[in-house]
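Trainee: Residue strings, one per chain:
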Amino acid sequence: MIWQQLINGLMLGGIYVLIAVSFTLAIGILNFLNFSLPGLFMLGGVLTWALLGAGWHWSLAMLAALLAAAAVSLLVEQLSYKPMRNADPELPLVSSLGFLVLMENLVIVKWGSDQQSFPALIPDFNLRFGGLIIGTAQLISFLIAVGVVLWLSWFLKTTNTGRRLRAIAENRDTAEILGINLARLVPCVFVFSAVFTALGGILFALNYLQVSPFMGENIGFKGVAAMIVGGMGSIWGAIVGGLLIGLVEVLSIYFFGADVVNILVYGFLLLVLIVRPAGLLGRPISREKL
Amino acid sequence: MSGYQTGVLVFLAFNVIAAYSVYLPMAAGQLNLGIAGFMAIGAYTSAYLSNELGWSMLASVPAGALASCLLATVVAVPVLRTHGIYLALATFALGQIIAAVFLNLEVVGAAAGYPVSEYVSPMVVVACAAGVVLLMVFLSRTRYGLYLTAIKNDATVTDLMGVNVRGMQISAFAIGAMVAGFGGALYGHHYSFIEAQHFNVLLSVFTVLYVLLGGTQTVLGPLVGAVFFTLLPEALRASDQWRYVIFAALIILMMLLRPQGLLTASLLRSLGGRKQGVQQ
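So the protein lines, in turn, are chains G and A. If you read the first sequence in our numbering, its first letter stands for residue 5, the second for the next number, and so on. If you read the second sequence in our numbering, its first letter stands for residue 4, the second for the next number, and so on.
A hint or two may mislead.
[As the list claims (entries may be wrong)] Beta-carbon label-pair distances, calculated as ranges: (1) G/L213 to A/R240: 34 to 42 angstroms; (2) A/P125 to G/T140: 54 to 62 angstroms; (3) G/C192 to A/S124: 52 to 60 angstroms; (4) G/A75 to A/G170: 22 to 30 angstroms; (5) G/A75 to A/T145: 45 to 53 angstroms; (6) G/D263 to A/V80: 22 to 30 angstroms; (7) G/G116 to A/N203: 16 to 24 angstroms; (8) A/D162 to G/L213: 28 to 36 angstroms; (9) G/W158 to A/L235: 45 to 53 angstroms; (10) G/A75 to A/W245: 15 to 23 angstroms; (11) A/A115 to G/W115: 26 to 34 angstroms.
[Stated by the list, open to error] Looking from chain G toward chain A, a few residues come up when the C-beta cut is under 10 angstroms (computed): (12) P87; (13) L106; (14) E108; (15) I148; (16) L274.
No lab work stands behind these hints, which were simulated from the structure alone. For glycine and all other residues, C-beta sits at the position ideal for the given N, C-alpha and C.
In isolation and in its complexed conformation, chain A is listed as follows:
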């Protein structure tokens, strides 16, 4: 595999991880527009532990994911008091605040960026992304996945059925943040350099786009979305300047013609997938 192909593959792996960090809360009806902030938490925490405290990556990367998860659990309690668009905007504000804090934190290089001493190889990143996909597929087959779908469809009825709605919502938010933190931690260790400007609102927005364009009806939608919309701008690279124009036009067109996303439950069934009678 050429260096370019490896580069695209790793980029794709990071996008897949990010897409699933948005997907899980969205499966419970939460639109998280601040996912880049949680990636930053994971990236900076793990980089600091590797650099300054000499932790091995095996410990520092999970610690980054855990830090992101913990912060999400703490903020979820007040933030999840909001709903719908308000929740989207609260997470948006949260992402902006986190990025701005790291931009000013001298101990991790502030605006100059922060080099990371340890290195993760491309194959490990791809394997981790595959692991995240498998985890999500597994979660979607458990009662937990069913609870989240139920909450998305009607939180009140789900509550009446005896499901701990609040707890489920917080856990979906926190697990999503954990996946984001995990992706961020890997990102820092793979590229050996992180800067707060990378974790901006557009990163969050593009990640949400991958998920919505892929489709939220099935657990494989985000994977399809991330693959399609990572490889498409690469295929358009020949037209250089215009590729993001074409990309943006495609987003608008996609939402217009196929608002439910590329991969839908009925499409999956007609492709000969297994019967999903219970979930429909």
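Same shape as in the complex, but just chain G:
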């Protein structure tokens, strides 16, 4: 049934939206393709699972996982972004990839490389509208994801901090001359993107009831695709891109089977990059910046 698939696609897309927003923050404001984010996505899910296993209350477990992700992200800022922000763009990219490999292997050392099953925290209760079924966990995750992203959009648009962040995105040097305290605001960006992507990891675990050290590679890289499809640096682009990638994935499973998902998702990404590199909602790119 096609409508059911569309709903499933949107629900999955909600998680991609969170990751895409994290990437888009880092690239839009700092021009930094932060490949440690898929690792933080994984860390969110795996740490919540581990703390739940240790008997923590779910709220504390999730909070601790989010804080841990934020702490690691600050480390990435100190060691990957800050020393190399004026170098070639591939240097911080590679360094942040080092963090991804580091996090994956630390988790493997501690908990092994197997996929673990995540406890069902939200009772398995399905809402029915007509013939359509929506899982409560799905719906809650989707609402949280979209809510958080809408809040971010509002935050960037109206608050003082948001305005400063947009000024940095426009031109870092000018922003600094105008008295914006970069040393204080840049860590904010890292904390924001870490919390969003780790939240995505937790919601993914809640929905699909599984975590593994490699979940960041599978899901996180599709978040990158979602960001580009929507348009780098654009929050609304991340929302549109995330939902679109979710739909493309679920519909390609429905029509062609699970094996061709990567061909279609990344084919779609390649097509967008070639035909409209700025993405669906992005501003035209200036070559000088890259």
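Assemble the complex: chain G is given as a structure, and chain A must be docked to it using the hints.
Mentor: Same frame as chain G, now just chain A:
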């Protein structure tokens, strides 16, 4: 030489070939994150020709390299419309697509993998790697190497000087892919088995790491990087589980302390290398 030492040496040879397939496009300012896909093209094409059509390795391995080169030339035209990070991501997507296609291609075993009937001995692999290094050193001494450096530094000015920038960029991309395809073809024939899962994004990423950590300023940087970062995890093998943790920590540390890579032009000069006045 013990079996283990031979194994490490062959692994090193494959990494060196892969590193140079990333280096050449990078010398022209292109970050190719999809190199594993081109290795897969070379590996599967040559394996298919050897297995099903009974070609000799002498023909099928170069044919694999050529197939990879041809595909790269075809995709380079649209893909090289993108620049910088966009190009890196386009090649990343391309690599994912190629791996996914082979994962579903029944004629070459799909997800079950594909055995290869012919066998390449370790010494041939090492000799081929040495050949690739020599070829790259030769290329870096020609005007072609100079053009690529010029394009990396400033494509517009190079264009004004009358160099065919577009053609050079496409050729660097295609030759890089050809080297990758060559490495992939040898890989399949040496290990007698290939599977699409091997040619994943991490293979591409690690190859890029070898090059960047070795240094892109000189043509020998990728060699140093590949040697150092192939042998290092082997030396750490004693600490088994932790070795990739240590490896990753070293990557971060290296980028922090020596972002220009292990081997730089000035280091090479101070080691008593020959004067490179023209290129500096």
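Trainee: Give a verdict on every hint.
Mentor: Going down the list of hints, with the structure as the test:
About 36 angstroms separates the C-beta atoms of G/L213 and A/R240, a value consistent with the hinted range of 34 to 42 angstroms. A hinted range of 54 to 62 angstroms holds for the C-beta pair A/P125 and G/T140, which are about 58 angstroms apart. Between G/C192 and A/S124 the CB atoms are about 58 angstroms apart, so this pair conforms to the stated range of 52 to 60 angstroms. Taking the beta carbon of each, G/A75 and A/G170 are about 49 angstroms apart, not inside 22 to 30 angstroms as hinted.
As the Cβ distance of G/A75 to A/T145 is approximately 50 angstroms, the hint placing it in 45 to 53 angstroms holds. Remark: the range hint 22 to 30 angstroms for G/D263 to A/V80 is upheld by a beta-carbon distance near 29 angstroms. For the pair G/G116 and A/N203, the beta carbons lie near 20 angstroms from each other, so the given range of 16 to 24 angstroms is met. Between A/D162 and G/L213 the beta carbon distance is about 56 angstroms. The supplied range of 28 to 36 angstroms is therefore violated.
Roughly 48 angstroms separates the CB atoms of G/W158 and A/L235, a value that falls within the hinted 45 to 53 angstroms. Taking 15 to 23 angstroms as the suggested C-beta distance range, the pair G/A75 and A/W245 conforms, at roughly 21 angstroms. As the Cβ distance of A/A115 to G/W115 is approximately 29 angstroms, the hint placing it in 26 to 34 angstroms holds. Contact between G/P87 and chain A, as hinted, is supported at the beta carbon level, the nearest pair being about 6 angstroms apart and thus within 10 angstroms.
Taken as an interface hint, G/L106 checks out: its beta carbon lies about 4 angstroms from the nearest beta carbon of chain A, inside 10 angstroms. Checking G/E108 against chain A by beta carbon gives a least distance of about 8 angstroms; that is within 10 angstroms, so the hint holds. Among the interface hints, the one on G/I148 is violated; its C-beta lies about 28 angstroms from the nearest C-beta in chain A, farther than the 10 angstroms criterion. With 10 angstroms as the threshold, the beta carbon of G/L274 comes within range of chain A, its nearest partner Cβ sitting at about 4 angstroms, so the hint holds.
Of the numbered hints given earlier, the model fails hints 4, 8 and 15; all others are met.
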